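Taken in sequence, the protein lines are chains A and B. Under my numbering, read the first sequence as residues 1 to 569, first letter to last. Under my numbering, read the second sequence as residues 570 to 849, first letter to last.
Quick caveat, the hints were computed from the structure, so don't treat them as lab data. Here the structure is a predicted model, which is why all the values come from computation and not from measurement. Cβ coordinates follow ideal geometry from the N, Cα and C atoms, glycine included. Hints should not be assumed to be uniformly reliable.
Unchecked claim - Here are the computed lysine-lysine pairs in the BS3-like style, where the Cα-Cα straight-line distance is at most 25 Å:
no. : chain 1 : residue 1 : chain 2 : residue 2
1   : A       : K155      : A       : K128
2   : B       : K748      : B       : K721
3   : A       : K194      : A       : K114
4   : B       : K776      : A       : K113
5   : B       : K776      : A       : K114
6   : A       : K113      : A       : K194
Stated by the list, open to error - Example chain B residues on the side facing chain A (calculated, C-beta under 8 Å, incomplete):
no. : residue
7   : L812
8   : Q815
9   : I817
10  : A843
Here is what each chain is made of, one letter per residue.
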Amino acid sequence: MTNLPGGTTEFVRALWGIEVRVRALSAGADELVQRRPRFVAANLWLPATPLVGVPGSFRDYLFAACAHISAHLRFGAPRFQIKSLKPAQIAIISLLEDARVERLAITHYPGLKKLWAPYYEARADGAKTSLSLLARLARALHDDAYVDDDSWVSKGRRLFLEGRAEWHDPSFCRRIGSALGNDLGQMRVQFNSKDYAVQPAYRDDNIGPWQFEQEQSEDGTQLESEGVRPVESETATSNQRERGAPEAHQKLDANGSERASGLRLAATADAPLVTRHPEWDYVIQRERPGFCSVLERPVVDGDAARVAATLSRYAPARKRLERSALRLAHRRPLRVRRLLDGDRLDLPAAVAAVVARAGGTAPDPRVYRRVRFQFEPPALLLLLDLSESLNAVPPGANTTLLELARGASALLATSLAGVAGDLAIHGFSSNGRHDVGYFRFKDFDEPYDDRARARLAGMRANLSTRLGSALRHAGQALAARRAARKLLLVVSDGEPSDIDVYDPKYLIFDAKQATISNRRRGVTSFCVGLDANAEESVTRIFGAGNYSLLDQLESLPERLAQVYVRLSA
Amino acid sequence: MSAASVVSVAPVVSEGPLDAFRIRDEPYYLALADEVSLFEAAYAARLPVMLKGPTGCGKTRFVQHMAWRLRRPLITVACNEEMSASDLLGRYLLEDGATRWQDGPLTIAARSGAICYLDEVVEARQDTLVVIHPLTDDRRLLSLPARSEALKAHPEFHLVVSHNPGYQSALKDLKPSTKQRFGAIEFDYPARSQEIEILVHETALAKDLAGRLVSVAEAARRLKGHGLDEGISTRMLVHAGSLIRQGIAAEAACQMALVRPLSDDPDLVSALTASVRACL
């Protein structure tokens, strides 16, 4: 799916406090009519690529379209009944309705008029076709300064402006529109609804305000299937699961999560601990509570010696890292007072000493102070994305990404053992929302010993990346630490995906939401990105400046260490 | 709201006449609800007051106004993490070989019957704030251990603190033992007509343009919790208004004073930019 420029839903919310879902208009829709934005209730479909011949930037166009549709949502009536109206009348009533809701919106936000103005291109000359006359009427209703001496356009404008007092009545457009439509018929101007495209181009295609009697269900389902359900597949089985699932969840939740895990995975020998996390659905702009299950799975031990061998490859990096770690330990200023010897006089102590001497008692000779730099290491959780893509061997390297991630973890754990306080190394890989596997190779408060090394050695990569759930789970673990700063360092290609999600934006927005809620819990997230081309999604998830993309993937261990040093400083 | 009229006290206060802390001209304040009478009642009962509310909604201006109204000097302390108890209480200084006790801002206020205003009180370390405890119950006593003095607060002394519960993390909160000593007045952004009135007064903008700026703020406030931590404050509107008074075009002024300071997220910035254009 093509990505639309962001900010449109926020814009509509800002204007009217209305929550809308915005999606790209599927390509098929422009085969019949010229592409126009469309809305049905609060669902918006916007062109994903610029329209031919539309002035200004595409982003401005989209905001103009959103402003127009949101005016319908705010001031529109219940949908019009078509009844016996002819196509020309429908087009004219729609046009009047467009003008009506825009006028009302402009009374709240006068700048909207300027936002829409560039798209009115109709001129009061040329052939009087139905297309041009409608475009001219649209302009005449928008712009009081526009001069048009056509009698039909003038009549339309006069009726519309004279009815100013009735603008709040939605049936107003229907009344004057039917009359104008009859006039157009009497003028013998042909109206062909197949050729008709609403002018100006930012306006919607007139589907929204109308109730289509027979087509209603067909139309509705067609629209729905255009992309309302990006989460689950449309197949019967998954629909069934989707419907059955919430009930099942409630029952399971009532019985507690251990019980749930027992029910769900009765076949597994050691049942993993299940934690449910919400998932953000950007389409409905809401969290789906308890939507994903994160399963803490035991790690199968590998050969600890192998990790030590991997580490030997990074000897120079390790030395550098240990040095910077030591330097770090001397950062943060801390005023140490009442010293026998120091850089500066500790004024209160000095005064006290002089006072004591004046009073004839023995002064305290500790009258100096010194600024010492003290390092408060953040609690660090290294979260590894262990999806299938990690098994790839990056070009130019002689080892898999997984091996590099293992090396990076070992390097960090070894070099920082002396300085870093709390360090945990976790990983995840998912297989649908009911099975987000979560692995703890080294947990907080655990020493980095042979057992941890064995677990690191047992690290494997498979399945998919449901990043948001893993971020929430890791954030929860990190938020419980006592450190003043909590750092979640994520190693991932930055492109979340899972088998039950077809809209790539869905998991990106969920991960973004997870990052935001982690930040609210005092957890700072930073991503070391393995895919240099994933900047867009990584920026979106972690925010500008909160990531570092690797061009040379072999440098992952060194880079990860550098990032840690930079962030901890 | 304008920086020049805020009386600020650095941790070390030079002992001068309290006149410097008196507010002679009425600071403009538009009462939004019953906060003036609430404050007056709390003052009469000597109940310390906590002002809560989003940043830039007029808490500080309210205190200045009340100090003027009650004819009390106002001593403001901007709290920070480095602040120690002696920064509030006072310390000995050396002068010509002799020592001299220097009252801190809190002590000055308690001694002379001023209103002491601790701005952003949660920024101070919790152990520092404990010094206000005996002062804020019926003892009204300030203990100065360095001087071996127990100072009985002046009958007119009043303590006011401000705090914005919005963006402080759980790490930074007041101890319950501190919180419970205060009566609290909750502030929010003014209602539309009031905010326009404030803006017109502060920036001498035309009422129509002021109304459009307020629309921008209202739009941004709808995004609080949807990407924004805090909406556009009245203070920010005043900033935008003063830029416009300097001859900057309204849209550019809004960009500078309202949109850019608020968010770095490109999507939000473009949503806010479009909202500004819709409002102007």
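Verification of the supplied hints:
1. K155/A x K128/A: holds (15 Å)
2. K748/B x K721/B: Given that 25 Å is the threshold and the Cα spacing comes to 22 Å, the pair holds.
3. K194/A x K114/A: violated (31 Å)
4. K776/B x K113/A: The given pair, whose Cα atoms are some 20 Å apart, holds under the 25 Å limit.
5. K776/B x K114/A: holds (20 Å)
6. K113/A x K194/A: Answer violated: K113/A to K194/A is near 29 Å, above 25 Å.
7. L812: violated (17 Å)
8. Q815: violated (21 Å)
9. I817: With a closest approach of 17 Å, the I817/B hint is violated.
10. A843: Constraint on A843/B satisfied, holds at 4 Å.
In summary, the numbered hints that this structure violates are 3, 6, 7, 8, 9.
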